[in-house]
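**Q** For the sequence shown, my numbering begins at 57 and goes up steadily by one.
These are computed hints drawn from the structure, not numbers from a lab. Every residue, glycine too, gets a C-beta built ideally from N, C-alpha and C. Incorrect hints may appear among the rest.
Distance windows between CB atoms, simulated [said to hold, decoys possible]:
id: 1; residue 1: Val121; residue 2: Val101; range: 24 to 32 Å
id: 2; residue 1: Val113; residue 2: Val80; range: 46 to 54 Å
id: 3; residue 1: Ala130; residue 2: Val92; range: 31 to 39 Å
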Amino acid sequence: MEIILADQVLVETLVVVVVAAVVVVVVVAAVVVVVVVASAAVVVVVVVAAATAAAAVVVVVVVVVVVEAVAVIADLI
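Turn these sequences into a full structure, and let the hints steer you where they fit.
**A** As structure tokens, this is what we get:
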């Protein structure tokens, strides 16, 4: 009987260890997914910010060119 009980305790201990290991793996995987998604979100924000800055530069250049063109046309008239 003692051997059977010892085996039962061993099996129960192994089940607890395996379940704990699975929980740890799932939690770590969830953290990795959250970090990857957050990193992707940061990359998207940086790309959008860079695109916005580039668009602002283009708008400024266009405004300067238009103002210069208007000044040249005004001088010709």
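**Q** Does each hint fit the structure? Answer for all of them.
**A** Taking the hints in turn, this is what the structure says about them:
no., hint, result
1, Val121 - Val101: 24 to 32 Å, "30 Å, holds"
2, Val113 - Val80: 46 to 54 Å, "49 Å, holds"
3, Ala130 - Val92: 31 to 39 Å, "56 Å, violated"
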